[in-house]
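With the hints as extra help, turn the sequences into a complete structure.
Protein chains in written order, with my numbering: chain S, 1 to 243; chain F, 1 to 432.
Errors might be hidden in some of the hints.
With a cut-off of at most 25 Å between alpha-carbon atoms, the simulated DMTMM-like pairs for lysine to aspartate or glutamate come out as follows [said to hold, decoys possible]:
1. F:Lys20 <-> S:Glu37
2. F:Lys300 <-> S:Asp190
3. S:Lys220 <-> F:Asp328
4. S:Lys23 <-> F:Asp280
5. F:Lys57 <-> S:Glu201
6. S:Lys10 <-> F:Glu198
7. F:Lys381 <-> F:Glu407
8. F:Lys15 <-> S:Glu57
9. F:Lys57 <-> S:Glu20
10. F:Lys186 <-> F:Glu217
11. F:Lys51 <-> S:Glu200
12. S:Lys23 <-> F:Asp137
13. F:Lys276 <-> F:Glu198
14. F:Lys240 <-> S:Glu50
15. F:Lys51 <-> F:Asp31
16. S:Lys39 <-> S:Glu57
17. F:Lys57 <-> F:Asp137
18. S:Lys39 <-> F:Glu24
19. F:Lys238 <-> S:Glu20
20. F:Lys68 <-> S:Glu50
21. F:Lys343 <-> F:Glu198
22. S:Lys194 <-> F:Asp289
23. F:Lys215 <-> F:Asp66
24. S:Lys54 <-> F:Asp66
25. S:Lys54 <-> F:Asp137
26. S:Lys91 <-> S:Glu20
27. F:Lys57 <-> S:Glu37
28. F:Lys57 <-> S:Glu89
29. S:Lys23 <-> S:Glu200
30. F:Lys278 <-> F:Glu85
31. F:Lys90 <-> F:Asp234
No lab work stands behind these hints, which were simulated from the structure alone.
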Amino acid sequence: MSYVLIIGAKSDIAKSTAREYAKNGYDIYLAARNSAELKDYANDLSVRTEQNIKLLELDILDYKNHQKFYDDLDEKPLGVITAVGYLGEQKDAALDFKESQKIIDTNYTGVVSILNIIANDFETRKSGFIVGISSVAGDRGRKSNYIYGSAKAALSTYLSGLRNRLYESSVHVMTVKPGFVATAMTEGMDLPEKLTAQPEEVASDIYNAQQKNVNILYTKWMWKWVMLIIKHIPEFIFKKMSI
Amino acid sequence: MSLLSWGLYPQVANKVFNFKTTTELNSIVSDNDELIPYGNGRSYGDSALSKNIINVKPHDYFINFDDKDGLLHVQAGVLLSEVLESFVPKGWFLKVTPGTKLITVGGAIASDVHGKNHHVEGCFSECVKEFDIMLADGNIVTCSKTKKPELFKSTCGGQGLTGIILSAKIYLKKINSQYITQTTIKTKNLKETFKAFEEYKDLPYSVAWIDCLAKGEQLGKCLLMVGDFKDDGDLNYKNKTGLSIPFTFPSFALNNLSVKVFNWLYYGKVKVGVSKQKVDINTFFYPLDAIGHWNRIYGKNGFTQYQFILPKEHSFEGLHQILTAISDSGKGSFLAVLKLYGKANENYLSFPIEGYSLALDFKIEKGLFELLDQLDEIVVKYNGRIYLTKDVRVSKETFEKGYPHIETFRKFREDNKMSNKFQSLQSKRVGI
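Written out as structure tokens, the structure reads:
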């Protein structure tokens, strides 16, 4: 058996990604809070693929239980994919630190907590892969979502460091930076069609890139170039813009 | 963002409703009229377009598979391609499949689709054991040929006008190869084409590509492709993703000349007489799925597919007249697909009847609808009918003449308070 651990398994990107890995012959651990809600989804995966699918309870903000969560896995995973994401409300976050903290802790602190534990195990085993789903929002701070963006920026930096550290142990770390994705998180937003990916496209990009040990994956691919431009707009102009 | 149909015509504003639970769906249904369920948007015309659209495709869970009798239970938004991806490697195939695998199971029921084996296996409804559907009153009922037969006969082929199909149990068929032994017969004219269909009708799969621009003695020349699954145990199937048309072509890209060249190349590459090939599932059943968004080649004004069927006894005469009219008009069509169908089923609006059907693509342009009206007259004259799943323009009169069960269907809708609740642009036009 060969398990891939999907953390934040309720997100649409996670669900599509789990399908992609199950289709390609991996067994799947689906970890999320109130994971019982994923029962029908897990059943779908096992009818589709006949792989082993297990639901696991994990609260990304319950740091103190992360070690036990990982220790309790009978079979350690071949790889891990974190799809934890909380966009939150920028306006609320600016007024209420609690909301800011929730955004930061969900997108960054919690992921660091669990990945530290897994990274140590993979390093000892000298095998495994780690895929962290960050965001293009982390590439430059914008007024519309800079709390979320800065948490994702921190995550991207963390993953970069982790990649550097684990290189010698043959553990590959991939940073995924999705642009717009048509998911529950973005429902109701008016997204430009050409720049918006379906979760299935993101999932297949992730799978293919991970198999090839890509370091940083932008999906859709054109976001690499969009962000290159955005990153190079001089600050004295950027600060006046609304994008 | 408004949804479009596969023909990219008409482009009309609509409101899209998503639902997560059946309770949410229930309130959408009770709060709104003019609703129509929408699957993967592969109906060509306006059968799945309305003021209010219910997006069913996200409901795509597999629920159960019983490998004793090949019974698959899925939610309505599952694509046929997903069924193939999971089950061809285990030696199962769809009993009935249309020429694209990119449709939902719910859509397959609502259109009561048929395929190359219609003369043997009939329509999609033949493989449907039962389905769950939310009706106009918000209740969910389970329906089969024997349990609520009227609802079954109205829903299969009923274009989504009886409710929202939520899940279905369908029978798959056993196969022992992902390959098909295909025989291609190149004919010289319509007479030979008909003769060839009859000669090969014992084979389970058959379809012909006709060169619509051929005139005179060559009128009706075709490539007839017939075949059956091999038995070599090779089930190593994968869904192919190939080329995709990245943007909508300018409308002038497709003209009479380019179609002539295409048809000439396509027809010309096959040697005269009978030849045999070994082809895979995708090549045999789904040649166009290999090109993503192929609907964009017809330009931004969109296109339509004109598909009609004529009773067998009038097929030759009728087809001869229609092909002559098309050829005279000079309006091109890449694909004209001819097929001999088996007996009609009992569903009120299912398209197939015993006879020959022809399907042609036309880009939407000036003069097209006049030509199609002219073709309609020939279809009506020979007691034929038009396929609603492809249609975007047929008149109420032409439609009604083709479907003798229409009053039963209308009455069923009225009796069950579906008439205002579920409507499409098409249902309003043809008055169902």
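Report task. Enumerate the violated hints, using their earlier numbering and listing them in ascending order. Result -> Numbers 3, 6, 8, 11, 12, 23, 25, 26, 28, in rising order.
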